[in-house]
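Visitor: Chains A and B are the protein sequences, given in the same order. Residue numbering for the first sequence follows our numbering, starting at 550 and increasing by one per position. Residue numbering for the second sequence follows our numbering, starting at 4 and increasing by one per position.
Derived by calculation from the structure, the hints in this document are not laboratory data. Misleading hints may appear alongside valid ones.
[As the list claims (entries may be wrong)] Heads up, simulated DSSO-like pairs for lysine-lysine below, C-alpha to C-alpha not over 30 Å straight-line: (1) A:583 to B:83; (2) B:180 to A:621; (3) B:253 to A:591; (4) A:563 to B:77; (5) B:83 to B:213; (6) A:553 to B:77; (7) A:617 to B:246; (8) B:246 to B:265; (9) B:253 to B:77; (10) B:243 to A:553; (11) B:262 to A:613; (12) A:553 to B:18; (13) A:563 to B:262; (14) B:72 to A:620; (15) B:180 to A:620; (16) A:583 to B:77; (17) B:133 to A:620; (18) A:583 to A:553; (19) B:262 to A:583; (20) B:265 to A:563; (21) A:553 to B:83; (22) B:265 to B:18; (23) A:591 to B:77.
Owing to the predicted nature of the structure, the values given are computational and were not obtained by experimental measurement.
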Amino acid sequence: MEVKVLNISKDSLKLEIRGENHTVLNLLVHYLLKDDSVEMAKYNTPHPLVGEPILEIIGENPVKSVIKAGKKILEDCDHLITQLNEV
Amino acid sequence: MASIQILEINKLKVKFIIEGVSEVFANSLRRAMISMVPTLAVDFVDIYMNSGLMYDEVLAHRIGLIPLKTDLEKYNLKEKCTCSGEGCPSCQVSLRLNVEGPKTVYSGDLISDDPDTIPAFDNIPIVKLKEGQQLMLEATARLGFGTEHSKYQAVCGCGYKIIPEITIEDSCNNCGKCVEECPRDVFSSNNGTIEVTDIYSCSLCYLCVKVCEENAIQIDENTNRFLFSFEVDGSMTPLKVIKVALNQLKERFAEFTEKMEKLSVE
C-alpha cells in the first residue's frame, strides 16, 4: 500500500491509495461515516483496471478521524482472530 | 463487539456466523478470503518430452489448475522473496512428471521436491496415454493471489447471507399457511402453535409475510449477524483461510494507520 497525499488542509484530506480496492476502502469509508466529526467521506476509482482509488474526507480533523477508523477496524479484526485461535 | 461462531467444519467446508459487525465488514472479509489469501499453483512448465495426444499448452493449463497443499509459513511471494524474484527454494517448488503409457496420468503421479507440497488430491486426471506415448516435464509452482488467476484462489463458492430475526406476534391465529408456503422450511407447527425452528436457512423471500392474513410475522434484517459458508480447494484448511484473510486485512490497516500517524506528526 502506497499512500500519496494529494491535498491536505485543516478540514479536508485527499489521498491516493495505490494498490488497494473496495475490500479496504469501502470498509474504511464505512467506519469513517460512523464518526460524527466526519462530514463527508467517499472514494472513487477513476478506472477499474488502470486507475488508483482516491479517498476524500471532509470533517473537523480528517487525519485524526482516519486514524481512529483504522484502529477501530484493527480492533474488530483482532477480536475475531483471538476467537479463531481458541477454536 | 465482533464475535465469531463456527457451526460446521471439516477438511473442505466451513459454515460460521459473524456477529456484531456491519454488512460492509462481512463483504470485505468475503472479498479478502477470495483475493487476499495466496496459494501455490504451477505457473511455469518445462516440457522435455510429450508424445501424447494432448497439446503442450493444454497440458500445462491442466497442471496449473491442480490445487497444491500450501504452507504459507514456508514460502514467500516471489516478488517479496530474498532472491528478488529470480526463484529459489523459499519462493518456488518444482514438481516432476515422468510417465509412460499405457496409463491415465493422475495428479498423484507428480513428484514434488518438497514432500509437504503435494497435490491436494491425487486422483485428478491429467491426460490419458496410449502404449509407447511418453510424458516428461518439470513444473514450477509459486505463490499468487486470486486476483491474478483463479488457480491461486483458495476458496470456492464463498458467500454470506443475513440471518434475520423473525418474530411471530400474538395476533397469529396458527393457520399454518406460513409453514406450507416457506420453501426453506423455516417454520414448524408445534402442537398447533407456529414456531421459527430453522432461522439459518431463511432466504428472506418474504413469502411468509405475504401469505399471513393477520400480518403477524415481522422480519428484521438489520441484525448484524451473517452466515458465511465456503469450500476450500484443498490447499489449506478452511480455518486457516479465515485467519489469513483477517490477518491480511489487519496488515493493510496497520500499515495505513501507521502512515496516517506519521502524516499527523508532520
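Visitor: For every hint, state whether the structure bears it out.
Guide: A quick look at each hint next to the structure:
Our distance criterion of 30 Å between C-alpha atoms is broken by residue 583 (chain A) and residue 83 (chain B), whose separation comes to about 36 Å. For the hint linking residue 180 (chain B) to residue 621 (chain A), the alpha-carbon distance of about 45 Å lies beyond 30 Å, and the restraint is violated. For the suggested pair residue 253 (chain B) and residue 591 (chain A), the alpha carbons sit about 21 Å apart, so the restraint of at most 30 Å is met. At roughly 39 Å between alpha-carbon atoms, residue 563 (chain A) and residue 77 (chain B) are farther apart than 30 Å, so this suggested pair is violated.
The hinted pair formed by residue 83 (chain B) and residue 213 (chain B) fails the criterion: a straight-line CA distance of about 56 Å is larger than 30 Å. A distance of roughly 33 Å separates the Cα atoms of residue 553 (chain A) and residue 77 (chain B); the hinted pair therefore is violated under the 30 Å criterion. Between residue 617 (chain A) and residue 246 (chain B) the CA atoms are separated by roughly 23 Å; this keeps the pair inside 30 Å, and the hint holds. For the hint linking residue 246 (chain B) to residue 265 (chain B), the alpha-carbon distance of about 28 Å falls within 30 Å, and the restraint holds.
Restraint check for residue 253 (chain B) and residue 77 (chain B): satisfied, since their Cα atoms lie roughly 21 Å apart, inside the 30 Å limit. Restraint check: the Cα-Cα separation between residue 243 (chain B) and residue 553 (chain A) comes to about 33 Å, which exceeds 30 Å; the hinted pair is violated. About 12 Å separates the Cα atoms of residue 262 (chain B) and residue 613 (chain A), which keeps this hinted pair within 30 Å; it holds. Simply put, residue 553 (chain A) and residue 18 (chain B) have alpha-carbon atoms about 39 Å apart, too far for the 30 Å limit, and the pair is violated.
Between residue 563 (chain A) and residue 262 (chain B) the CA atoms are separated by roughly 14 Å; this keeps the pair inside 30 Å, and the hint holds. For the given pair, residue 72 (chain B) sits about 34 Å from residue 620 (chain A) by alpha-carbon distance, which is inconsistent with the 30 Å threshold. A C-alpha spacing of about 49 Å is found between residue 180 (chain B) and residue 620 (chain A), which places the hinted pair above 30 Å, so the restraint is violated. For the hint linking residue 583 (chain A) to residue 77 (chain B), the alpha-carbon distance of about 40 Å lies beyond 30 Å, and the restraint is violated.
With a CA separation close to 61 Å, the supplied pair residue 133 (chain B) and residue 620 (chain A) exceeds the 30 Å bound. This hinted pair checks out: residue 583 (chain A) and residue 553 (chain A) have alpha carbons roughly 24 Å apart, not beyond 30 Å. With a CA separation close to 21 Å, the supplied pair residue 262 (chain B) and residue 583 (chain A) stays within the 30 Å bound. About 16 Å separates the Cα atoms of residue 265 (chain B) and residue 563 (chain A), which keeps this hinted pair within 30 Å; it holds.
Note on residue 553 (chain A) and residue 83 (chain B): the hinted pairing holds, with a Cα-Cα distance of about 22 Å set against a maximum of 30 Å. For the hint linking residue 265 (chain B) to residue 18 (chain B), the alpha-carbon distance of about 40 Å lies beyond 30 Å, and the restraint is violated. The suggested pairing of residue 591 (chain A) with residue 77 (chain B) is violated, with an alpha-carbon distance near 39 Å, which exceeds 30 Å.
Hint check: violations occur at hints 1, 2, 4, 5, 6, 10, 12, 14, 15, 16, 17, 22 and 23; the rest are consistent with the structure.
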